[in-house]
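Start from the sequences, fold in the hints, and give me the full structure.
Heads up: the protein sequence lines correspond to chains A and B, in order. Residues in the first sequence are numbered from 1 upward in steps of one, following the UniProt record's numbering. Residues in the second sequence are numbered from 1 upward in steps of one, following the UniProt record's numbering.
Errors might be hidden in some of the hints.
[Stated by the list, open to error] Distance condition first, Cα-Cα at most 27 Å in a straight line; then the derived BS3-like pairs of lysine-lysine:
{"no.": "1", "chain 1": "A", "residue 1": "326", "chain 2": "B", "residue 2": "326"}
{"no.": "2", "chain 1": "A", "residue 1": "49", "chain 2": "A", "residue 2": "37"}
{"no.": "3", "chain 1": "B", "residue 1": "326", "chain 2": "A", "residue 2": "49"}
{"no.": "4", "chain 1": "B", "residue 1": "3", "chain 2": "A", "residue 2": "255"}
{"no.": "5", "chain 1": "A", "residue 1": "220", "chain 2": "B", "residue 2": "276"}
{"no.": "6", "chain 1": "B", "residue 1": "255", "chain 2": "A", "residue 2": "255"}
{"no.": "7", "chain 1": "B", "residue 1": "255", "chain 2": "A", "residue 2": "220"}
Think of the hints as simulated: they come from the structure by calculation, not from any bench.
Protein chains: 2
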Amino acid sequence: MSKIVRMKDIAAMANVSMGTVDRVIHNRGRVSADAQKKVMDVLEQINYKPNLIARTLSSSRNYRVAALLPDAELDPFWRSSIQGIQQAHSEHSQFGITISYHFFDPYSGDSFRQQAHDALESGPDGILLAPTLRQEALDFAGICREQQIPLVCFNTYIHELAPLAFIGQDLHQSGRLAAELMTMIAAPGTILVTHIGEQVQNSAHIGAKETGFREFVREKGSSHFEVNTVQLESPSRSGFKASLAQALETHPHTKGIYVTTSKAYEIARSLEELGKTDIRLIGYDLIDENLTHLRNGTINLLINQNSDRQGFLGISYLTDHLVFQKPIPTLQYLPLSIVTRENLNSYITSQEVN
Amino acid sequence: MSKIVRMKDIAAMANVSMGTVDRVIHNRGRVSADAQKKVMDVLEQINYKPNLIARTLSSSRNYRVAALLPDAELDPFWRSSIQGIQQAHSEHSQFGITISYHFFDPYSGDSFRQQAHDALESGPDGILLAPTLRQEALDFAGICREQQIPLVCFNTYIHELAPLAFIGQDLHQSGRLAAELMTMIAAPGTILVTHIGEQVQNSAHIGAKETGFREFVREKGSSHFEVNTVQLESPSRSGFKASLAQALETHPHTKGIYVTTSKAYEIARSLEELGKTDIRLIGYDLIDENLTHLRNGTINLLINQNSDRQGFLGISYLTDHLVFQKPIPTLQYLPLSIVTRENLNSYITSQEVN
DNA sequence: ATTCACATTGTGTACGTAAACATTTTTATA
DNA sequence: TATAAAAATGTTTACGTACACAATGTGAAT
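Pasting the structure below:
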């Protein structure tokens, strides 16, 4: 029977005007201690839930969100993040959300600083950030905090950033999962953990996966498997395939390769060219380049970081925070999705609507 | 620059009143051909998107939704569906959605009819249905169509129901996936597909999984694996373990068991009691009973039907349809999530909020 | 031409909140 | 005490839509 309580009702119960109730609820000040108490007393008795619909309609202002993430032209991994952001945007545009995009070179501090500057220039009410560069991200987060701009981060977890929300994957656990899967599908022998032309800045990020991987093997598979880390040339250089071949010669009993980034397709391509078919390959992310090899069997498993959903949730959370003033999760770990040839389509199909 | 167009603007452009615009947009009739044309012309030129916020606030009526699904007391599988429904409800209750629950015995037509009758009695504006009983569901859907009550179904796909939306899993593909996983982790030998005390009504439902499973093995694993179907006693009967032991004697080279329902824990328990440790076990759903065995390793893999998300989406779609009059997907297949010991937590953890 | 029935069109109010604005009360100052 | 300034409180309007209601216009029957 509990009818919905409105500000009007509270005003009546407390014997004050709606204006006063409004001032108390939003503590805008300019209220006598007496009135304050009267309203607070009522608020404690009843369970007032503001009507978010009415609130949104009333204060129908426009919110600007700046999305700051690497350029998908430079790394296709980010394509799906952008898709997720765009989908969230199209679902929320009616709430007066506009998004400006600022794409940076994921390995260039200068590029980041430039784009970050532009993002701030646009006078955003909220910022969505993929903090691939640690130090630059920290500096930027400081400015956001100074300027009181809500910051939501995704993909790369950096504890000290202390954003309003982080959305991503538990990387340590992700590494453990990869190891579990590898020990399930690979024959006993050597497992290579590959790092491909990585920059120093990313080392913490990648490190958590490797640590998790090794931890699992130590716990559960040390009798059958030996883990070795190899550093390969950047795929953009001609030496890439050679450096892989070299690694395989050094470790002749290699039965599996774990690629900690979305670049498994580069390894897959080289393995095909080298005619190696007895090596299990586990990598990350449903980018087109990987899917081809997952379908033809060169890549056996992919762990999906759900970066489309990361982008989607990032924008959704900012909308909830800005528009609806709803509480949002501080830390949102997404599922560690395992993708094979047979469940791939269930992860990438979109549905018709009516 | 494209300012948002309101009904007011359309009225001005077409030289009519807002009332007329309203009548045209909602084709409530009582409009002259002349006025109709004037408004339509404007509507074709501009891109009018109604403000759903304002619409919702204005027609702030209450919607009743009836949820009709099996009793979780009789089958724990349904617990998570209910959780999902409740979560969606708590997120949408501010939009004036109230839900009445009607739990039936999943194997009793009488029970279903009784609860379905109650559900209709409650005068719902929308219905969420888990159509476990085929014929009864068809009859019920007919009544819903007659009474023009929107019907959203989940979990069990029945084509002839033709609901507003179906949310669930592609069962054929689910079977294929199970087979792919089984051939990855099991040693060559016999694979058993088990049916546990199933009712006739569910045969179509379960059949799709088995067909998919066999199809995959035929295509990709026929040289190493032989698939056999076994029918076991209902776990409630004392003969369950014996019937399993009997099946394993009949098929002495059994290396894997595929349980097409959420009852893998029953098999796991019996396997433990029988001391069988070399048989891989793949089942469905993250119910507590299964998780225990997944954690201790008796169950190797679970395929998650995401029934919490099914319930959540079911209510969300009904809300979108009723409250926001948004288009919703006709057919929403959810991902075929693969769950292991190491990614289990990423599927069941909930987050703190701020 | 007058009246009535009916079709069409226009106007006003409600939804619940936020925020601008107007009014009253209190306090400080001369 | 008178008066201005400041503080507190109350009132009104806007947000965009839906819907009830009022006001026109049209044509037919008397």
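- Message: Check whether the Cα positions of residue 255 of chain B and residue 255 of chain A lie no farther apart than 27 Å.
- Response: With a Cα-Cα distance of about 23 Å, the restraint between residue 255 of chain B and residue 255 of chain A holds, given a limit of 27 Å.
- Task: Mind checking the alpha carbons of residue 326 of chain B and residue 49 of chain A for me, to see if they're no more than 27 Å apart?
- Result: Holds, because 25 Å separates the two Cα atoms, which is no more than 27 Å.
- Taking only the CA atoms, is the gap from residue 220 of chain A to residue 276 of chain B under or equal to 27 Å? Answer holds: residue 220 of chain A to residue 276 of chain B is near 20 Å, not above 27 Å.
- Are residue 49 of chain A and residue 37 of chain A close enough, with their CA atoms no more than 27 Å apart? 19 Å, holds
- Message: Check the hint pairing residue 255 of chain B with residue 220 of chain A against an upper bound of 27 Å on the C-alpha distance.
- Response: Answer holds: residue 255 of chain B to residue 220 of chain A is near 21 Å, not above 27 Å.
- Message: Against the 27 Å threshold, does the CA-CA distance of residue 326 of chain A and residue 326 of chain B hold or violate the hint?
- Response: 22 Å, holds
- Query: Going straight from one Cα to the other, do residue 3 of chain B and residue 255 of chain A come out at no more than 27 Å?
  - Reply: With Cα atoms ~60 Å apart, residue 3 of chain B and residue 255 of chain A exceed 27 Å; violated.
Of the numbered hints given earlier, the model fails hint 4 alone.
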